[in-house]
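Enquirer: Top to bottom, those sequences are chains A and B. Counted from 1, the first sequence has number 97 at position 97 by this note's numbering; the numbering is strictly sequential. In this note's numbering, each number is its position in the second sequence, counted from 1, plus 208.
Don't read these hints as lab results, they were simulated from the structure. Computed from a prediction, not measured in an experiment: that's the story for all the values here. There's no promise every hint is true.
To be verified - Capping the alpha-carbon separation at 20 Å, the derived lysine to any residue pairs in SDA-like fashion look like this:
1. A:Lys120 / B:Glu247
2. B:Lys348 / B:Gln320
3. A:Lys120 / B:Gln320
4. B:Lys343 / B:Pro271
5. A:Lys156 / B:Lys348
6. B:Lys319 / A:Ser161
7. A:Lys52 / A:Ala147
8. B:Lys348 / B:Asn235
9. B:Lys274 / A:Ala102
10. A:Lys120 / B:Pro244
11. A:Lys158 / B:Thr280
12. B:Lys274 / B:Gln238
13. B:Lys274 / B:Leu318
14. A:Lys120 / B:Leu318
15. B:Lys289 / A:Asp160
16. A:Lys158 / B:Ala275
17. B:Lys319 / A:Asn164
18. A:Lys181 / A:Ala102
19. A:Lys148 / B:Glu284
20. B:Lys274 / A:Asp160
21. B:Lys333 / B:Met287
22. B:Lys343 / B:Asp236
To be verified - Calculated from the model, a selection of chain B residues having no Cβ within reach of chain A, i.e. all distances over 12 Å:
23. Asn235
24. Asp236
25. Ala260
26. Asp262
27. Lys264
28. Glu283
29. Lys299
30. Ala300
31. Glu303
32. Thr304
33. Val305
34. Gly309
35. Gly325
36. Gly337
37. Pro345
Where a beta carbon is used, it is the ideal one built from N, C-alpha and C, also for glycine.
Each chain, written out:
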Amino acid sequence: MQTNQYCRYPKHFVNFLFTVCISVTLIGSAIAGDGTHGLARKIGVAKGGDFKLDSISGPVDLKQFRGKVTVLYFGYTICPDACPTTLFALGEAMRGLKADEAAKIQPLFITLDPARDDVKRMDEYSRFFYPTMLGLRGSEAKLAAVAKQYGVLYAKQKVDSAANYVVDHSSFLYVIDANGKLVHSVPYGSSPLEIEAALRAALPHSHK
Amino acid sequence: MKRIFLTMLLLFTCAGTALADSAITINDPQVRLVPPNAENSAIFMVIRNQGAKDVKLVSAESPSAKAVELHTVTEEGGMKKMRPVLNIPIKAQGETVLKPGDYHVMLIGLKQPLMEGNEIPFTLKFDDGSSQSLKAPVRKIHMPMASH
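Sequences are here, hints too, so could you generate the full structure?
Expert: Right, dumping it as structure tokens:
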């Protein structure tokens with residue numbers, strides 16, 4: 001859904017596609033169960049996959065979360081809008097889950113602005129939204145590779161502002177199941193309840 | 209006599225300010241709560257223009273941030289793009305909503321961490337020469353307001 005190819009199509013067509021995708025995703029969330037996974041697979045263009053990045057307490061490998069559901073968000077701490085909106089919603093969704101469900105979900109926030117975000121800053125920023133959320137960072141090249149795996153689009157953009165530059169970026173939450181498989185992309189603007197449903201749907205069957 | 213003069217002056221000043229600003233009203237201003245180490249935040253609100261002429265919000269100031277700018281967010285090529293804007297228009301007899309994913313007053317370089325419930329003072333200046341000084345409470349904002 002979020003590849004550059006769409007730039008070739010007229011804007012209203014892209015908007016239409018976007019609306020259809022969101023609707024299908026929302027309907028999928030409502031149905032829940034395996035139906036959600038099937039729809040997500042059809043919608044998603046990205047394969048996801050493992051990666052190694054750095055946290056304040058050392059390297060983090062996605063593989064270490066096998067058995068847990070992982071939810072990823074890509075952004076940056078200077079981001080004034082999409083990031084805090086989405087991370088607040090994710091925090092609310094985590095708090096809406098039962099304690100035993102939330103304990104089986106690992107939220108990760110990955111910076112797209114490694115020049116300004118160090119691991120300490122990422123750690124403080126992430127924990128504010130949810131205590132177990134890990135803030136991750138890597139080299140520009142590593143981050144570009146991970147972003148590509150997940151179909152994240154981003155571009156550093158110089159602006160005439162005291163902020164100096166901003167990072168344009170796509171804004172989805174990526175839900176990865178206990179086997180490390182990307183099962184769901186939750187679009188920007190989803191409510192905490194919609195995110196909660198997507199997270200719960202990715203939990204192993206005993207939790208549904 | 210001097211006291212009466214000062215009281216009169218004060219009354220006229222207040223009345224003058226109220227008259228100059230009467231066409232524009234600001235509703236529900238709020239500052240987005242951000243992590244204590246975040247450098248930036250944003251103020252959202254509804255600006256209503258009851259006058260017969262279009263007006264533009266041309267600048268904003270706040271002692272709580274090193275710089276205050278007018279920004280908007282657009283969605284292009286699948287990406288959220290935040291950009292500074294020269295002004296924010298409010299149509300005659302209309303309103304403009306400053307909300308997540310849209311127009312906002314951007315606070316850049318917060319001088320101290322925001323705390324939920326604190327009030328942030330700020331001033332808005334319009335192209336009709338009027339200005340308004342207000343306070344906005346700091347709140348958790350996790351939904352793009354009024355966009356769904």
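Enquirer: Work down the list of hints and note, for each, if the structure agrees.
Expert: Hints versus structure:
no. : hint                : verdict
1   : A:Lys120 / B:Glu247 : holds, 14 Å
2   : B:Lys348 / B:Gln320 : holds, 17 Å
3   : A:Lys120 / B:Gln320 : holds, 18 Å
4   : B:Lys343 / B:Pro271 : holds, 11 Å
5   : A:Lys156 / B:Lys348 : violated, 27 Å
6   : B:Lys319 / A:Ser161 : holds, 17 Å
7   : A:Lys52 / A:Ala147  : holds, 12 Å
8   : B:Lys348 / B:Asn235 : holds, 17 Å
9   : B:Lys274 / A:Ala102 : violated, 39 Å
10  : A:Lys120 / B:Pro244 : holds, 13 Å
11  : A:Lys158 / B:Thr280 : holds, 15 Å
12  : B:Lys274 / B:Gln238 : holds, 19 Å
13  : B:Lys274 / B:Leu318 : holds, 6 Å
14  : A:Lys120 / B:Leu318 : holds, 19 Å
15  : B:Lys289 / A:Asp160 : holds, 14 Å
16  : A:Lys158 / B:Ala275 : holds, 17 Å
17  : B:Lys319 / A:Asn164 : holds, 18 Å
18  : A:Lys181 / A:Ala102 : holds, 19 Å
19  : A:Lys148 / B:Glu284 : holds, 18 Å
20  : B:Lys274 / A:Asp160 : holds, 15 Å
21  : B:Lys333 / B:Met287 : violated, 31 Å
22  : B:Lys343 / B:Asp236 : holds, 10 Å
23  : Asn235              : holds, 20 Å
24  : Asp236              : holds, 17 Å
25  : Ala260              : holds, 33 Å
26  : Asp262              : holds, 24 Å
27  : Lys264              : holds, 18 Å
28  : Glu283              : violated, 8 Å
29  : Lys299              : holds, 24 Å
30  : Ala300              : holds, 28 Å
31  : Glu303              : holds, 20 Å
32  : Thr304              : holds, 17 Å
33  : Val305              : holds, 14 Å
34  : Gly309              : violated, 6 Å
35  : Gly325              : holds, 16 Å
36  : Gly337              : holds, 25 Å
37  : Pro345              : holds, 16 Å
The structure shown violates the earlier hints numbered 5, 9, 21, 28, 34.
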